[in-house]
Amino acid sequence: MIEETLIPKIGVVTDIRRDTPDVKTFRVVGTDGKKLFQHMPGQCAMVSIPGVGECMFSITSSPTNEEYMEFSIKKCGCVTEVIHALEVGAQITVRGPYGKNFPVEEDFKGKDLLFIAGGIGLAPLRSVINYVRHYRQNYGKVVIVYGARSKDDLVDIDEIQNEWVNEPNMEVYLTIDRPQEGWDGHVGFVPAYVKELGLDPNMTAVLCGPPIMIKFTLAGLLELGFDKSRVYTTLELRMKCGVGKCGRCNVGDKFVCKDGPVFRMTELDELPDEY
Amino acid sequence: MKDVEMKMKERAKQLLESGEVARVVGWKKGDFCYDPSPATFETVEELDNFVYDYFCGANLSKYLIQISKKEGKTAVFLKPCDTYSFNQLVKEHRINRENVYVIAVECMAKFDIEKIKEKGVSQITGVEVKDKDVKVSSLYGETTLYKPEILLTKCETCQKTHQVKDEEIILHERPERDVDRFAEVKKLEAMTEDERFAFWKEQLSKCIRCNACRNVCPACSCVKCVFDNPASGVAAKANDSEFEEKLFHVIRAFHVAGRCTDCGECSRVCPQHIPLHLLNRKFIKDIDGLYGEFQAGEEAEGKTPLTSYTEGDAEPNDVLNGEAK
Amino acid sequence: MQEVTTEKKEFTPNIVAFCCNWCSYAGADLAGSSRLTYPANVKIIRVPCSCRVNPMFVLKAFQQGADGVILCGCHPGDCHYVTGNYYTRRRMALLFSFLNYMGIEKERTRVEWVSAAEGARFSAVMNDFVKTVTELGENKRLTDLRVKEGE
Amino acid sequence: MLKIAKNKLNDLYAKINETMGLFIPIKKAGEVNYHVWGEGKEVSIETLKTVKSPKNMFFPQTENMMKFKTEGKNLEIIDLRDEKRPFVLFGVRACDYKAIEVLDKVFLADPVDSFYQSRRAATTIVTLACSRPEEGCFCKAFGIDATAPQGDVTTWLDEEYLYWQANTEKGETLTKLVQELLEEGGETEVAAQKEATAVIIDKLPFSNLNLDKFKPENLNELFDSPKWEEMSEACLGCGTCTFVCPTCQCFDIRDFKTNEGVVRYRCWDSCMYSDFTLMAHGNSRTTQMQRFRQRFMHKLVYYPSQNDGLYSCVGCGRCVNKCPQHLNIVKVVKELGGKEND
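Protein chains in written order, with this note's numbering: chain A, 1 to 275; chain B, 1 to 325; chain C, 1 to 151; chain D, 1 to 342.
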């Protein structure tokens with residue numbers, strides 16, 4: 001019998017980290033203690049709790065991590081609710097990797113990179129940022145703009161403050177929506193902050209966050225002179241199979257699970273407005 | 001029927017031209033003589049495609065849930081059976097009655113194209129009716145069929161009259177009919193449990209869970225059906241289990257019990273011709289027998305049998321054992 | 001059909017009893033404290049009022065393997081919420097009649113009124129219902145084979 | 001060419017059934033659908049259109065995929081796939097056969113869907129030419145020849161005989177199996193039937209539907225057409241068209257809790273359903289117009305764009321016959337396809 005992608009592998013949760021009040025990061029390995037499968041930054045996996053449901057999540061850890069995979073998951077529906085209730089040692093199912101990755105080995109190479117994320121939108125970017133950090137010599141300057149509702153909603157703040165900010169030739173800008181006690185950083189929405197920063201439009205930009213943030217940030221970037229063909233984002237739609245067969249993540253002639261989730265803005269322009 | 005259609009078109013034109021209504025809901029022509037679709041007409045030009053004939057079986061009242069929320073008044077043509085659904089929806093506060101102008105139109109019973117095709121007639125180009133004879137013309141010539149044999153199931157036993165009308169277009173007198181709509185139900189009741197089980201098992205095994213019966217049903221007007229709600233635990237789409245079929249159809253029939261006007265749309269739309277109306281009619285018959293005759297949709301207000309009671313109601317065990325008074 | 005009657009050896013039915021909190025459940029309590037017995041295979045589900053029982057509950061019970069379902073509430077006129085059980089009476093009369101119309105054996109469903117003072121009656125009702133369903137045999141017509149898979 | 005007398009067909013079915021399963025149009029409770037053959041069943045291969053298409057031979061409406069068992073914290077996955085018994089799918093019309101090609105492109109594309117593939121590999125397809133197409137048929141618009149379908153074996157039926165012609169190795173093997181029942185002859189009858197049927201097909205009202213407009217380059221123009229609103233206004237949002245359609249292939253994956261663990265199954269789903277694209281944080285298609293548009297855009301534009309211009313409609317006309325409100329793909333093509341269709 002040939003291998004069937006719809007039949008998942010068993011994953012063991014080896015660590016759970018609470019990032020924000022509603023985001024937890026889960027570390028997963030196979031039952032043999034090894035990493036379940038290889039992937040590239042931006043790719044996704046189907047995670048399921050049998051009896052509850054299966055959902056697509058982006059793999060947050062970098063491919064360069066040879067030991068395990070991580071998923072940062074926001075509690076927002078019936079499956080994620082159960083996932084959040086898991087304890088270390090729990091077994092779940094994982095299948096993948098699915099989708100197209102960020103062109104880290106092609107278009108990104110040798111370029112200055114700008115990463116803009118909002119809230120849980122950091123999840124897919126964390127994988128690519130850490131990949132770039134690992135192969136630092138292959139890329140130019142890296143600028144990261146990351147915003148969230150409050151300082152408690154910033155995902156992976158430890159890694160950002162302890163590692164990313166110390167990385168050479170890497171700038172990290174954090175912002176939160178409203179002033180908050182104990183926060184002396186920038187306050188304001190991401191799109192406005194991006195414009196304030198007056199970023200170099202020759203950078204290759206990657207956007208990830210809520211649709212409304214993407215919309216306004218993109219407008220801001222275009223104003224600054226960015227070229228749409230060098231702006232990337234990721235889409236999210238309802239998925240069941242992950243391999244372009246079940247039909248539901250269909251937008252125009254693309255399937256988000258198979259032809260995405262990473263899209264160039266110019267590609268999105270060609271798609272009907274239904275995502 | 002042509003004269004009725006003309007009159008309707010004329011009236012629709014007046015209403016639109018005068019601005020009395022913003023739109024008219026009726027039927028528009030299809031590709032053949034037998035496939036009209038419900039449609040909204042907003043301009044006089046659009047009325048060119050207006051049609052009313054023996055194939056306009058669709059019940060228009062459910063569309064008014066959405067349409068009556070629109071700006072301006074809507075005129076709608078309702079057949080006798082449709083008016084019951086209309087009333088029921090008004091009762092349930094689903095249709096905004098003030099926004100609707102009801103034109104009652106005559107109905108001489110509608111035809112079921114599949115029944116005509118089953119008689120071996122294809123490539124049909126038109127029908128002409130004379131009493132109980134229906135002359136069907138097709139590319140292969142003419143055939144005369146017997147009207148009672150080609151009626152939509154819902155029309156076979158219909159004795160309904162208009163319950164709502166702001167005005168009416170009735171040019172012909174409908175022949176009196178005395179058919180017992182419960183005859184089939186009684187036949188099933190007379191069977192043994194085993195026979196009934198076998199009957200429904202065979203019928204329901206055809207169900208493909210397309211939900212056409214639910215979606216067309218004017219009584220099924222929940223914004224979110226329990227069978228579409230992942231949180232309900234019953235939103236399975238699987239059709240391979242006998243239980244799923246029964247669960248869906250029992251719950252659906254029960255949920256419309258006391259509210260079902262017997263408009264028969266469920267049986268009309270079933271792609272597998274499952275006699276779904278026999279489920280609803282069982283409830284109607286039981287309600288009539290146990291709690292007094294009740295026809296949903298006769299009134300636009302008041303309680304239904306399942307939202308009321310009397311102290312002397314029959315005991316469920318007695319009903320089961322046939323001992324209820 | 002025949003399948004129902006072929007085997008009758010040592011069949012213990014699963015019975016689900018929906019009992020209203022105020023009368024019937026208290027009745028069951030009284031039965032217990034009065035040391036009156038009723039079969040252990042009766043699984044009581046306490047509901048605030050018998051009219052809380054949605055037809056879906058009854059069907060779900062059968063799906064999950066119940067061989068009989070019984071509803072118990074306060075006697076008509078004695079409902080804690082004044083009228084709840086009157087509605088139950090109509091609903092269940094129609095539902096059970098309907099299930100029978102679809103070929104489900106009429107002995108599998110029952111409605112009984114049991115007050116808080118009727119411990120003895122509760123015990124008798126349950127014993128009688130269990131006996132009836134045991135004689136009838138396993139529920140095969142309103143069960144979900146998928147649930148029982150592997151048994 | 002070979003042939004068998006019509007009154008001997010039951011022997012043919014019985015013979016096939018000795019070694020293989022047989023999936024064939026059978027009338028049950030008044031409706032003709034594909035079912036597993038058995039002695040005494042009412043076969044009806046004359047039926048032009050079964051209610052459901054034969055796609056459920058390869059892509060059953062519900063199919064168990066795997067089972068999960070939990071013991072303590074340990075999870076076990078049980079693969080429910082099994083060896084498929086050889087089957088003969090009998091009486092497939094040209095349109096439905098073409099539909100299998102459409103499905104193949106989805107399910108056999110990398111990564112191959114093994115559930116579909118194993119059934120597909122185990123099946124020998126016997127097609128049946130049409131001789132009495134009806135007015136709702138429009139396979140010709142998609143370049144399909146209803147008088148000579150492909151398949152492992154092609155058959156033709158007239159008043160007296162079923163004519164038989166093997167096209168592939170699988171077909172030859174099946175022919176050998178039933179050889180004793182077949183006799184030589186039939187070329188002239190088949191040629192005559194093909195000619196006569198072709199004349200009828202040419203006269204069918206939808207045979208000359210013009211599909212030129214439905215090209216990938218017109219994707220956005222078609223998508224943005226204001227006509228969708230009007231075309232979809234009567235749509236009930238039921239799944240009839242998708243479930244009777246031979247090419248619709250959307251599915252859902254769901255879990256079911258049994259007393260013995262959790263079974264994960266897949267089942268047909270419909271893009272017409274409101275919960276099809278529902279996510280925890282929203283829905284990308286909130287109106288019936290959007291869902292209606294998705295179905296037809298997928299069939300006429302998206303799918304061809306992904307598959308070298310092959311339309312995901314084969315003109316079987318089931319939606320024409322079965323839509324409760326008489327909406328269908330022909331009306332969409334006529335409305336959007338330009339004046340060639342007037």
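Because the hints were derived from the structure by calculation, they are not lab data. Any given hint could turn out to be false.
No more than 30 Å apart at the CA atoms, straight line, and that leaves these computed lysine-lysine pairs for DSBU-like [what the hints assert, rightly or not]: (1) D/K73 <-> B/K9; (2) B/K285 <-> D/K203; (3) A/K9 <-> D/K331; (4) A/K141 <-> A/K100; (5) A/K9 <-> C/K140; (6) D/K84 <-> D/K73; (7) D/K105 <-> B/K69; (8) B/K115 <-> D/K6; (9) A/K75 <-> A/K34; (10) B/K115 <-> B/K91; (11) B/K186 <-> B/K2; (12) D/K215 <-> D/K6; (13) C/K106 <-> D/K28; (14) C/K43 <-> D/K69; (15) D/K27 <-> D/K84; (16) D/K105 <-> D/K84; (17) B/K201 <-> D/K331; (18) D/K203 <-> B/K119; (19) B/K70 <-> D/K69; (20) D/K84 <-> B/K29; (21) A/K9 <-> A/K141; (22) D/K15 <-> B/K206; (23) D/K73 <-> C/K148; (24) B/K187 <-> B/K29; (25) D/K334 <-> B/K2; (26) D/K15 <-> B/K119; (27) C/K148 <-> B/K187; (28) A/K151 <-> A/K9; (29) C/K140 <-> C/K106; (30) C/K148 <-> B/K285; (31) A/K9 <-> D/K84; (32) B/K285 <-> C/K43; (33) D/K176 <-> D/K8; (34) D/K215 <-> A/K228; (35) B/K70 <-> B/K115; (36) C/K43 <-> B/K187.
Computed from a prediction, not measured in an experiment: that's the story for all the values here.
D/K334 paired with B/K2 [C-alpha distance capped at 30 Å]: The given pair, whose Cα atoms are some 26 Å apart, holds under the 30 Å limit.
Pair hint outcome, B/K187 versus B/K29 [Cα-Cα no greater than 30 Å]: 39 Å, violated
Agreement of C/K43 and B/K187 with the hint, judged by alpha carbon distance not exceeding 30 Å: 37 Å, violated
Pair hint D/K84 and D/K73, alpha-carbon separation not exceeding 30 Å: Since the Cα atoms of D/K84 and D/K73 sit roughly 34 Å apart, the hinted pair is violated (cutoff 30 Å).
Straight-line alpha-carbon gap B/K201 to D/K331, limit 30 Å: Given that 30 Å is the threshold and the Cα spacing comes to 36 Å, the pair is violated.
30 Å Cα cutoff - pair A/K9, C/K140: Measuring from Cα to Cα gives roughly 36 Å; hence the hint is violated.
Given pair status - B/K119, D/K203, alpha carbons within 30 Å: 22 Å, holds
Given hint A/K9 paired with A/K151 - CA-CA distance at most 30 Å: 36 Å, violated
Proposed proximity, A/K228 with D/K215 (alpha carbon, max 30 Å): 26 Å, holds
Given pair status - D/K84, D/K105, alpha carbons within 30 Å: Answer holds: D/K105 to D/K84 is near 21 Å, not above 30 Å.
Satisfaction of hint between B/K187 and C/K148, Cα-Cα up to 30 Å: Between C/K148 and B/K187 the Cα gap is close to 34 Å, so the pair fails against 30 Å, i.e. violated.
Hint consistency between B/K115 and D/K6 [alpha-carbon to alpha-carbon, up to 30 Å]: Cα-Cα ~27 Å, so holds.
Hint violations for this structure: numbers 1, 2, 3, 5, 6, 7, 10, 11, 12, 17, 19, 20, 21, 24, 26, 27, 28, 30, 32, 35 and 36, all remaining hints satisfied.
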